[in-house]
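J.: Protein chains in written order, with our numbering: chain A, 1 to 417; chain B, 1001 to 1131.
It is possible that some hints are incorrect.
Heads up, simulated SDA-like pairs for lysine to any residue below, C-alpha to C-alpha not over 25 Å straight-line [said to hold, decoys possible]: (1) Lys106(A) to Glu140(A); (2) Lys1089(B) to Ile1104(B); (3) Lys1057(B) to Lys151(A); (4) Lys331(A) to Leu385(A); (5) Lys392(A) to Asp377(A); (6) Lys404(A) to Lys1057(B); (7) Lys1115(B) to Glu395(A); (8) Lys1046(B) to His18(A); (9) Lys331(A) to Glu1096(B); (10) Lys1006(B) to Lys151(A); (11) Lys389(A) to Lys1122(B); (12) Lys1122(B) to Trp414(A); (13) Lys1078(B) to Asn1048(B); (14) Lys389(A) to Tyr1011(B); (15) Lys392(A) to Val1017(B); (16) Lys411(A) to Lys1078(B); (17) Lys1022(B) to Glu395(A); (18) Lys389(A) to Ala1036(B); (19) Lys1022(B) to Phe403(A); (20) Lys404(A) to Lys1128(B); (21) Lys1006(B) to Ile327(A); (22) Lys151(A) to Arg184(A); (23) Lys1022(B) to Lys106(A); (24) Lys1022(B) to Gly406(A); (25) Lys1115(B) to Ala1002(B); (26) Lys1057(B) to Glu128(A); (27) Lys331(A) to Tyr1011(B); (28) Lys1057(B) to Leu409(A); (29) Lys1115(B) to Leu409(A); (30) Lys389(A) to Phe403(A); (31) Lys411(A) to Lys1089(B); (32) Lys392(A) to Lys1022(B); (33) Lys1006(B) to Ala1123(B); (34) Lys1115(B) to Val412(A); (35) Lys411(A) to Asn1023(B).
Bear in mind the hints are in silico, worked out from the structure with no lab data behind them.
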Amino acid sequence: MSASLEMPVSKHAEDSMHPIYLDYSATTPVDPRVAAKMIPYLTEDFGNPASRSHPYGWTAEKAVENAREEVAKLVGADPREIVWTSGATESNNLAIKGAANFYSGKGKHIITVATEHKAVIDPVRELERQGFEATFLEPEPNGLVDLEKFKAAIRPDTVLASVMLVNNEIGVIQDITAIGNICRENGVIFHVDAAQATGKVHIDLDKLPVDLMSFCAHKTYGPKGIGALYVRRKPRIRIEAQMHGGGHERGMRSGTLATHQIVGMGEAFRIAREEMDLENARIRRLSDKLLHGLETMEEVYVNGDLEHRVPHNLNISFNYVEGESLIMAVKGIAVSSGSACTSASLEPSYVLRALGRSDELAHSSIRFSIGRFTTEDDVDYTIELMKSKIDKLRELSPLWEMFKDGIDLSKVQWAAH
Amino acid sequence: MAYSDKVLDHYENPRNVGTLDKNDPNVGTGMVGAPACGDVMKLMIKVNDSGIIEDAKFKTYGCGSAIASSSLVTEWLKGRTIDEAYAIKNSEIAEELALPPVKIHCSVLAEDAIKAAVADIKAKQAAKETA
Ligand SMILES: Cc1ncc(COP(=O)(O)O)c(C=O)c1O
Ligand code: FES
């Protein structure tokens, strides 16, 4: 039994079903300590936290409230400001639609950024269909939002702005303090998608000028299918519920609470709070090593600002090599081309396009994301693997040949099909 | 995405990678696709005086199916006449490689590359005759 709770070891790279996992931005494994804590709430302490009439309910409720405290503590919030949801997608929907609809009397304009996750872009698009207007700000080539451009986008009827803290594809960290202050000055409600940020950057909502913030557990070594929305109490922010029913979570999100998932998120966030400084120092060393190793090759470009960035993410374009064929070549590692959500389609990443990357570079990107269980051996193996496969694919690439012949690809007349 | 064994074989051991002398009057070049679409295929054929393709080489920037499609057609082209080459259909390529529907356009690209290379050699021959 206990075998399944041991620390996952780095799997043998030649084991094609278990390549080295370098896709922590897509999701993380559940930390064995988290899994251990969750299990009793499935089998023994399985009560409904809303049951007031017996100890099963009381035990579950206590566990839920402990977890709420842990989540609040990691992000400097009051536990009463935390609303459980099914994940960051739901938190974003609840925050964006909930606030826009509640405050629509004040105006119907929303500001967000072209590089947001689809779980922000699509709720905003839905509001557009319902009569709102939206501005999708283009970021600077380094992925960051220009504060002056943000300011200029604010209109008298702007009610809501949504800007993510850490980008899922390129790992850049937006200056949410400065953006939030601009929102405050203009009476605009400010939502932040922090799904990729917990355990990676310090968050102190007590001080941050943020009204609504989305979280999920599964990017921080907790289980999938559980998340939370922070809803500020002072000054109080109101949202319209999107899920109606038994009136759970003070009416903001009905539905029986998933005790075991919530316990898992609480434990995952507790571990993050206690270990993040040490862990992030280690990850930075690995990330630096990986970057230096890859940069010994020609025509390698990092996408997104290198300074305002979490070390967990390295999004790199290997010029003149197409991303999908590259992923096929590097079966020994599990990485994604663009984001996990877009690699199923043949379009180049909309995030990289928004940075103004050329077509070749946008089509040639790989996102390496490293985390708690990544080892130095994994990084060494990855560097060697990438070098040999990039060489091989460049031998195959007519674009590489043209580049080597000194041809300017942007001047070529392509026979687009 | 799962790839067929034949795609994997061509992808891992691509046949006839390389370039021929594009200034050789007996060499036709077809370059199709665009970086914007994520695929560029360059196919070169060398044709002898009886109109038979003696050699074929390719280079492809694109997904595994595009690489496999171009590798496969270089094998098919050798020994065929340019008219036979021109008649090769993308559906034959897709069928041979068991391409899934989303990858059909990779085989279309290979067919287009053949047609472009044949057109190039025909233009060269026509220029020779009028000269
Ligand atoms: C920035 C960001 N927001 C939202 C989501 C969606 O989160 P969830 O899978 O918990 O719904 C993700 C994960 O893919 C993400 O990276
Ligand atoms: S060449 Fe476009 S997906 Fe194959």
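J.: Hint by hint, note whether the structure agrees.
T.: Structure-based check of all given hints:
1. Lys106(A) to Glu140(A): violated, 30 Å
2. Lys1089(B) to Ile1104(B): Cα-Cα ~12 Å, so holds.
3. Lys1057(B) to Lys151(A): violated, 56 Å
4. Lys331(A) to Leu385(A): holds, 9 Å
5. Lys392(A) to Asp377(A): Roughly 23 Å between the alpha carbons, so the hint for Lys392(A) and Asp377(A) holds.
6. Lys404(A) to Lys1057(B): holds, 18 Å
7. Lys1115(B) to Glu395(A): holds, 24 Å
8. Lys1046(B) to His18(A): violated, 45 Å
9. Lys331(A) to Glu1096(B): holds, 24 Å
10. Lys1006(B) to Lys151(A): Outside the cut-off at roughly 55 Å; violated.
11. Lys389(A) to Lys1122(B): violated, 37 Å
12. Lys1122(B) to Trp414(A): Status holds; Cα separation ~21 Å.
13. Lys1078(B) to Asn1048(B): holds, 11 Å
14. Lys389(A) to Tyr1011(B): Roughly 12 Å separates the two Cα atoms, so the pair holds.
15. Lys392(A) to Val1017(B): Between Lys392(A) and Val1017(B) the Cα gap is close to 11 Å, so the pair holds against 25 Å.
16. Lys411(A) to Lys1078(B): violated, 33 Å
17. Lys1022(B) to Glu395(A): holds, 18 Å
18. Lys389(A) to Ala1036(B): The hint holds at about 23 Å.
19. Lys1022(B) to Phe403(A): The hint holds at about 17 Å.
20. Lys404(A) to Lys1128(B): violated, 31 Å
21. Lys1006(B) to Ile327(A): Within the cut-off at roughly 18 Å; holds.
22. Lys151(A) to Arg184(A): Holds - the C-alpha atoms of Arg184(A) and Lys151(A) are around 11 Å apart, at most 25 Å.
23. Lys1022(B) to Lys106(A): With a Cα-Cα distance of about 67 Å, the restraint between Lys1022(B) and Lys106(A) is violated, given a limit of 25 Å.
24. Lys1022(B) to Gly406(A): holds, 17 Å
25. Lys1115(B) to Ala1002(B): Not OK: Lys1115(B) and Ala1002(B) at ~29 Å, beyond 25 Å, violated.
26. Lys1057(B) to Glu128(A): violated, 52 Å
27. Lys331(A) to Tyr1011(B): Cα-Cα ~13 Å, so holds.
28. Lys1057(B) to Leu409(A): Holds. Lys1057(B) to Leu409(A) sits at ~21 Å (cutoff 25 Å).
29. Lys1115(B) to Leu409(A): Holds, because 23 Å separates the two Cα atoms, which is no more than 25 Å.
30. Lys389(A) to Phe403(A): holds, 18 Å
31. Lys411(A) to Lys1089(B): This hinted pair is violated, its Cα atoms lying about 31 Å apart.
32. Lys392(A) to Lys1022(B): Distance ~23 Å between Lys392(A) and Lys1022(B) Cα, so the pair holds.
33. Lys1006(B) to Ala1123(B): violated, 34 Å
34. Lys1115(B) to Val412(A): Status holds; Cα separation ~20 Å.
35. Lys411(A) to Asn1023(B): Roughly 21 Å separates the two Cα atoms, so the pair holds.
Violated hints, listed in ascending order, are 1, 3, 8, 10, 11, 16, 20, 23, 25, 26, 31, 33; each of the other numbered hints is respected by the structure.
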